[in-house]
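Colleague: Chains A and B, in that order, give the protein sequences. Counted from 1, the first sequence has number 124 at position 118 by the working numbering; the numbering is strictly sequential. Counted from 1, the second sequence has number 93 at position 75 by the working numbering; the numbering is strictly sequential.
Hints in this document: simulated from the structure, not taken from any laboratory. Since the structure is predicted, the reported quantities are computational estimates derived from the model, not experimental observations. All clues stand as given, with none of them false.
If you want the footprint, here are the derived chain B segments under chain A, 3+ residues with CB under 8 Å:
| # | stretch |
| --- | --- |
| 1 | 38-50 |
| 2 | 96-102 |
| 3 | 105-112 |
| 4 | 209-216 |
| 5 | 258-267 |
Yeah, the Cβ is synthetic: ideal placement off N, Cα and C, and Gly gets one too.
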Amino acid sequence: MSDAVKAVFETGFFTDQPVHVALAVGTVVAVITAAVGVFTVMRGQSFAGEALGDLGATGGSAAFLLDVGPLWGFTLMSLAGAAAMELIGIERPRGRDLATGIVLGAGLGLAALFLYLDTTYHNTTGATITVLFGSLFAISSSTIVPVAALGAAALAIVLMLYRPLLLSTVNADMAAARGVPVRLVGAGYMLALALAVALAAMTIGAILSTALLIGPAATALRLTARPGRAMLVAALIGIAAVWLGVLLAYDSYYWPPAQHGWPVSFFVVTLIFLSYVASGLVARRRGRS
Amino acid sequence: MFSGFMVNTWTVASIVAVIAGLVGFFVVLRGSAFVAHAVPSGSFAGAAGASLVGVNVFVGLGVFSLLGALSIGVLGRRGRHDVGTALSLVMMLGLGALFLALSDEYAQQAYSLLFGEVLGVSSNELAPTAGLALVCVLVIALLYRPLTLSSVLGEVGEARGVSRWRMELCFLVLVALASTMTVPVVGTLLIFSLMVGAPAAARSFTANPLLALALSVALALAIVWAAIAASYTTNYPVGFFVGTISAATYALGRVWAAAHRRRSASP
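In isolation and in its complexed conformation, chain A is listed as follows (with noise of 0.2 Å):
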């Protein structure tokens, strides 16, 4: 018995310092993008979700070059973003589709110039890969607590918004005509957006901002068709994932090719992309039956 244990949690797993920074920070950020992605979801917002992220990189890009916390660089830019699709963003999904493309286009481009300032400045060749993809390992245990507070104003704005955001989701026509002031209610979402996508893609990269707010919310809202419980299950999904992947990077070093250690942020796409699929199959046996 314990023979199997160690062979799926090799040797120090529970002893490590950079896991349980790892597994604390991940477990945070799922919980904040399960709550924020169920209305990225259901609002069809998952482009601006993914902007927010890459704009949130080039901050991050910016702040390395001036050698500020990244954590400013990735909020302040991601902030900058939201309003600037809500002041371009015009009220038909197309025409959002294209706002946050143009924001998107300009940002990366902006990205391309902090990155190659960095380099020479810096003489860092890695920035690219660090900013762009992130690494759940390499989170200093400092940062935890400016996290955890975004997160929570990110969750407090969600939940204080929790009604009328749904009512002007579902259908807006009925909010407006209820006197809820959709487009400020739609505004206030954005922030949450932008506060959560910022922290998500500052701690555990870009890449894995995106898959952890639309993939478990994604996987979720086929299963359940309530929010609240949405919600929950796609904090559970994304902690499994993040917890999964964690460890199963942890054990890749022992993996070939030698002296590779196989990314965290493969591992946790890899388990939310599979999840969708699955209850993809799940949702139309049901369907079916």
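Following the hints, put chain B in place on chain A, whose structure we already have.
Modeller: Below, chain B without anything else, positioned relative to chain A:
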């Protein structure tokens, strides 16, 4: 700037701009900016994988952009389209992260794959780019009418026997083809701003579809030429100029459209 080794760059970049302008017209018409972002960005994984196993970069890019496009098509048909796009994108990027971690020589190469490299275009990239461009132009010429109809009025197209699902697949393959040829010059992240900025600006200048298509190509060419010239003289990355000039062009289009509307409104 026009010396011998830059001739390839100018040629390849011009071909890429024409294709981006053409395909981008349909991207904007269909409101598919997310797809135009996801397929090229995800194809980055193909480039990383190709250098890992040691095959031609074009092969890796082609395989992964087609896989990504098909995955978007299938997942998007069975569920929410934007969710399918997002998850296809992150899955491909996750694979890219894996390939990068497994290979040793990466940081600088990854940067130029993502953001483009003006000076790196060699003459053996010319033939595959031109070939792919020719295929793209042929497909667009053949499908122009049904694809436009299905993009603007899906239901009407369906009634006239134009399958929306089939047109969606054709469109996705077009985006995949366009993504495959982008890496030598603009990079996987910035072909996207070319495919969205130029045609979106063109659409705010004119409502006539054929005119908008031509203008979209012309604007894309102008953006790419300006970006290369600026990058050559300042040494800053070409992606920076492509991204910002595209956004500025779009802003100009919006201002022009707003001014035009006001003028036609007042007697």
